[in-house]
Each structure stands twice: as C-alpha cells, then as structure tokens.
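So the sequence lines, in the order shown, correspond to chains A and B.
At position 105 of the first sequence the residue is numbered 104 (numbering that gives the first Met the number 0), and the sequence of numbers has no breaks.
At position 151 of the second sequence the residue is numbered 150 (numbering that gives the first Met the number 0), and the sequence of numbers has no breaks.
Hints are supplied without guarantee of correctness; some may be wrong.
EDC-like cross-link-like pairs, simulated, lysine to aspartate or glutamate; straight-line CA separation at most 20 Å [said to hold, decoys possible]:
1. B:202 x B:214
2. A:105 x B:266
3. A:105 x B:226
4. A:12 x A:261
5. B:46 x B:26
6. B:153 x B:261
7. A:153 x B:26
8. A:256 x B:92
If you are wondering where the hints come from, they were derived from the structure by calculation, not from laboratory data.
Number of protein chains: 2
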Amino acid sequence: MFYVIGLGLGDCKDISVKGLEIVKNCDRVYLEAYTSILSCPTSELEKFYGRKLIVADRELVEQGAADILDGAKERNVAFLVVGDPFGATTHTDLILRAKQNEIKVKIIHNASIMNAVGCCGLQLYTFGETISIPYWTENWRPDSFFTRIVSNFKNNLHTLCLLDIKVKEPTLESLMKKNREYMPPMFMSANEAAKQLLEILNKKSEHDTSGLCKDSLCIGLARVGCEDEKIIACTLNEMLEVDLGKPLHCMVIAAPKLHPLELEYVDQFRI
Amino acid sequence: MFYVIGLGLGDCKDISVKGLEIVKNCDRVYLEAYTSILSCPTSELEKFYGRKLIVADRELVEQGAADILDGAKERNVAFLVVGDPFGATTHTDLILRAKQNEIKVKIIHNASIMNAVGCCGLQLYTFGETISIPYWTENWRPDSFFTRIVSNFKNNLHTLCLLDIKVKEPTLESLMKKNREYMPPMFMSANEAAKQLLEILNKKSEHDTSGLCKDSLCIGLARVGCEDEKIIACTLNEMLEVDLGKPLHCMVIAAPKLHPLELEYVDQFRI
Numbered sequence: 000m001f002y003v004i005g006l007g008l009g010d011c012k013d014i015s016v017k018g019l020e021i022v023k024n025c026d027r028v029y030l031e032a033y034t035s036i037l038s039c040p041t042s043e044l045e046k047f048y049g050r051k052l053i054v055a056d057r058e059l060v061e062q063g064a065a066d067i068l069d070g071a072k073e074r075n076v077a078f079l080v081v082g083d084p085f086g087a088t089t090h091t092d093l094i095l096r097a098k099q100n101e102i103k104v105k106i107i108h109n110a111s112i113m114n115a116v117g118c119c120g121l122q123l124y125t126f127g128e129t130i131s132i133p134y135w136t137e138n139w140r141p142d143s144f145f146t147r148i149v150s151n152f153k154n155n156l157h158t159l160c161l162l163d164i165k166v167k168e169p170t171l172e173s174l175m176k177k178n179r180e181y182m183p184p185m186f187m188s189a190n191e192a193a194k195q196l197l198e199i200l201n202k203k204s205e206h207d208t209s210g211l212c213k214d215s216l217c218i219g220l221a222r223v224g225c226e227d228e229k230i231i232a233c234t235l236n237e238m239l240e241v242d243l244g245k246p247l248h249c250m251v252i253a254a255p256k257l258h259p260l261e262l263e264y265v266d267q268f269r270i
Numbered sequence: 000m001f002y003v004i005g006l007g008l009g010d011c012k013d014i015s016v017k018g019l020e021i022v023k024n025c026d027r028v029y030l031e032a033y034t035s036i037l038s039c040p041t042s043e044l045e046k047f048y049g050r051k052l053i054v055a056d057r058e059l060v061e062q063g064a065a066d067i068l069d070g071a072k073e074r075n076v077a078f079l080v081v082g083d084p085f086g087a088t089t090h091t092d093l094i095l096r097a098k099q100n101e102i103k104v105k106i107i108h109n110a111s112i113m114n115a116v117g118c119c120g121l122q123l124y125t126f127g128e129t130i131s132i133p134y135w136t137e138n139w140r141p142d143s144f145f146t147r148i149v150s151n152f153k154n155n156l157h158t159l160c161l162l163d164i165k166v167k168e169p170t171l172e173s174l175m176k177k178n179r180e181y182m183p184p185m186f187m188s189a190n191e192a193a194k195q196l197l198e199i200l201n202k203k204s205e206h207d208t209s210g211l212c213k214d215s216l217c218i219g220l221a222r223v224g225c226e227d228e229k230i231i232a233c234t235l236n237e238m239l240e241v242d243l244g245k246p247l248h249c250m251v252i253a254a255p256k257l258h259p260l261e262l263e264y265v266d267q268f269r270i
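Work out the full structure: start from the sequences and follow the hints.
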C-alpha cells in the first residue's frame with residue numbers, strides 16, 4: 000500500500016491518530032520537503048514518530064518516483080505531505096504513477112491552508128479561485144494572477160494568495176553542471192506580495208481593476224495553525240510595512256463587501 | 000480556554016493527536032451534530048476518547064451559546080466539529096461570542112470537504128466559489144446558486160456543490176408548539192442535486208448557461224475520507240441514476256476544459 004498522509008499545518012502533533020498509526024507501521028516513510036514547511040524540524044518529527052524519515056526534495060519526488068514507489072505493492076510505504084495530500088500537483092502525479100503500477104493508494108487527509116484560512120474570519124464559501132504569487136526575477140515578472148484577483152473582486156469574492164516558496168532550488172549557473180549548487184531557501188512575505196501587487200496595480204487603468212486599489216482590505220496570515228499564528232488586517236498599502244515574522248505567510252484580498260459577521264470577526268485583526 | 004476542534008471527515012481516528020490530547024483533558028466536551036456527520040456513531044467516539052460527550056444540536060448551539068461557554072474562562076471546554084472549525088457560520092458566531100466574553104479561544108484545524116475534494120483529481124487551485132444546494136419545498140425553490148455555478152464554468156473553474164443536510168429540524172406544524180416534533184434526518188444525494196440542477200437548466204436559455212448542459216462533466220463523491228469512499232465521474236444527466244450509497248454526498252461540476260493531469264486522474268472514476 001502507498002499511503003499519502005497529510006500532516007496539517009503546525010507541528011508534529013497535527014498528524015491524525017490514523018496517520019500516526021500508519022507512519023509507525025510502514026517500511027519506509029518519506030517526508031516531502033519543498034512545497035511547504037512545518038514549524039518543527041525533521042528531527043523533532045522523527046523523535047515524535049519514533050522512526051527515521053527519508054527527506055524527499057524536488058529532485059527525488061519529480062525524478063525518483065520509481066524509487067519512492069519501489070516495493071509498495073507488497074510492503075507499506077508512506078509519503079508525508081505538509082497540509083493536505085492534494086495541495087500540490089506533484090503529489091497527484093505520484094498517486095497516478097502508483098495506480099498505473101497497480102499499487103493500492105490510501106489518502107489520509109488533513110487541514111490545508113485552503114480551509115484553515117477561514118481563521119481570518121472570512122467565510123470559506125465566499126472565496127473565489129485561489130492564486131499563487133511567484134517571486135519575480137529581473138526578466139520574469141508574470142502578472143496573470145492579478146486578472147484572477149480582479150475577477151474574484153468583481154464577483155464580491157475573496158482571494159487566497161499563496162506566496163512563493165523556494166527550497167533547494169538549483170542556482171541558474173549550476174543547472175548544467177554535474178554538481179548542483181542550491182540557493183538559500185526563500186519564503187515570500189506578505190510585504191513582498193503586497194509590493195508586487197501594488198506595482199501591477201500602478202500600471203493598470205482603473206477600468207482593469209474593478210475598484211481594487213491600494214486602500215482595499217487585505218489580510219496577512221503567518222504560521223496558520225501554529226502556536227505563534229499571526230493575523231493582520233489592513234489596506235494593501237499598509238501591508239507593505241506589516242511585520243508578520245517568520246514564514247510561512249499567505250495573504251487574502253478581501254471582497255469589496257463583507258458580511259456583517261465577517262466584518263466583526265476581521266475587526267479584531269486590524270492594526 | 001475554549002477549544003474548537005476539527006474532527007476531519009471519516010471516523011474517530013481522524014482527530015489530530017493534538018486534538019485528542021485536548022479532548023481528554025477538558026472539563027466539558029460538546030459534539031456539534033447538525034451541520035455534518037461522521038461515519039461513526041457518538042458512542043464510538045466516546046469509547047475512543049474515553050469520556051462522555053454532550054451532543055449539541057442546532058437549538059443548543061444557536062440559543063445556548065452562554066451554556067456552552069459557561070466557565071470557559073477558568074476551565075477548559077471543547078467544541079468538536081466535523082471537518083474544520085471554520086466550515087459553518089454558526090461556529091464563527093460561537094468563537095466571536097467567546098472572544099467578547101474575554102474567553103481565550105484555540106482552534107485545532109482538520110481536513111474539510113473544501114480541501115479533501117481534491118481526491119477527485121481536479122486541482123484545488125481551479126475551483127471557484129463553493130455553493131450549497133438546498134432542499135426545495137413545494138413553495139420554496141431558490142436557484143441563485145445556479146448563477147454562481149455558471150459564473151465559475153464561464154471562468155473555466157470547477158464548482159464544489161455542498162448538498163443540504165437536515166438533522167433534527169422541527170416540523171413546520173410544531174414550530175409554534177411547546178413540544179417540538181422533528182423531521183427524520185435527510186441528506187441530499189448527488190441524484191437529487193443533479194435532478195434539481197437539470198430542472199433549473201431546462202428553464203434557462205442557452206445564453207444563460209454559458210455551455211453548461213446535461214452532458215457536462217460532473218463528479219459525485221460520497222463519504223470522502225471514509226473507508227468506503229466512492230467517486231463517480233459522468234455527465235450531469237447520468238448522475239440522475241448513479242448510486243453512491245449512504246450519506247454524505249457532494250458533487251462537483253467540472254470546468255469545461257480540464258488540465259491533462261486532471262483528465263487522467265478523473266478517468267479512473269468514469270462509469
């Protein structure tokens with residue numbers, strides 16, 4: 000059996016009882032470590048589970064699927080994912096590979112930011128499409144996600160903006176070399192996201208933004224589900240200066256009109 | 000402290016390790032029992048937790064908030080919710096009440112259908128607004144949710160349709176009486192949802208449906224996260240005849256154009 004187990008968002012105790020039982024009884028357990036992070040280090044997870052973990056970086060997951068799935072027809076292999084197993088396309092790919100190889104797959108769900116974001120007080124039912132904001136480089140400054148934020152805003156829907164993570168990314172220079180070199184890990188902050196959004200906003204005509212502007216309500220969330228979770232509600236412009244602390248951050252662009260209950264809940268997070 | 004703890008979607012072992020520790024150590028533990036259901040009865044939960052639970056129906060939650068929160072400033076009270084704590088407006092209301100009374104609140108997140116629906120193979124990032132389909136009565140046949148499905152469809156987004164649940168609903172006749180009488184519990188099936196959608200579709204002009212029709216792809220999901228989870232992909236019209244078995248059901252109206260990976264994943268669920 001190939002188990003894909005969600006770990007939730009906070010620390011080692013956010014795994015479900017079912018998930019923990021499986022982890023303890025598997026032959027091999029991989030920990031996916033590049034699409035998100037937990038607040039506790041791998042060593043702490045290993046101590047809590049009472050077993051060794053194999054850290055799976057992007058290279059192993061994308062090119063070593065056969066290794067990960069090896070023997071999973073007869074034995075039990077688990078693949079641990081921060082959040083819910085269906086949070087990233089890569090995991091879907093791995094599950095498909097398993098099924099093609101006639102390996103049985105079992106999913107153990109957990110919280111992901113897609114539902115935990117409800118902690119900011121905006122109703123999950125009034126969120127539109129979720130978008131991702133990528134790090135810009137000197138020559139690569141995509142802004143197609145902006146159109147989708149505006150589309151949600153126009154329909155009076157909130158937008159959850161997931162912010163870019165770069166973990167164990169090879170440097171451009173080393174891509175062709177045998178020995179890869181890696182960039183230091185980077186986690187986009189709500190400040191950086193607000194900065195990129197404002198840059199795009201400044202270039203658009205009012206007609207293209209449907210009322211979304213620097214004074215629109217946005218909510219920055221850091222370390223959702225962790226002991227030191229932090230939530231701040233302010234204008235997009237004010238978000239430039241907000242200090243949410245350590246990663247992970249995400250940001251919500253609120254719909255123009257909030258339900259009274261949403262307003263009341265969000266008010267506790269105003270600066 | 001007032002704890003609001005998500006139980007996830009399946010059985011008693013879907014609670015997180017952290018959640019279970021808290022449940023064992025609280026003075027009073029309420030189980031919310033009307034916005035969703037688990038696959039195991041309350042008695043099984045009590046056995047697994049090793050303690051008594053107070054079942055909280057709609058009347059208690061909506062009118063007895065003061066009772067639920069009583070003493071939570073000095074002692075620990077937990078409120079258990081199927082799925083994630085932010086799945087229903089009622090719980091947000093309860094959390095606000097606690098905060099107004101200067102009671103500390105801690106949320107323990109878990110999987111909800113809003114992210115677990117990823118198990119059908121459609122990417123969570125390409126879902127638009129989630130909608131709820133209510134039971135129609137003879138004189139009350141709202142269809143405003145249909146416009147929102149079409150709006151998602153037009154933007155090439157999937158729609159998660161949550162289906163109505165009626166648990167411990169007072170009968171109309173008894174509403175004014177001292178002794179309330181209750182209707183038997185009702186859980187809308189994917190068949191019933193498809194039937195209501197087709198009735199609405201048949202009354203709309205093609206211009207109002209943006210290509211959404213009886214042959215559009217829809218996915219019925221039953222008991223997501225449970226041992227006997229069942230997923231069927233077919234046309235909206237075929238969904239009329241699909242037998243997904245016991246509750247809970249939900250349904251997804253897929254976007255008109257799927258990503259190749261989505262198509263490949265969904266194909267395993269075709270009838």
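Now for the hints, and whether the structure bears them out:
no. : hint          : result
1   : B:202 x B:214 : holds (16 Å)
2   : A:105 x B:266 : holds (18 Å)
3   : A:105 x B:226 : holds (9 Å)
4   : A:12 x A:261  : violated (30 Å)
5   : B:46 x B:26   : holds (17 Å)
6   : B:153 x B:261 : holds (18 Å)
7   : A:153 x B:26  : violated (47 Å)
8   : A:256 x B:92  : holds (19 Å)
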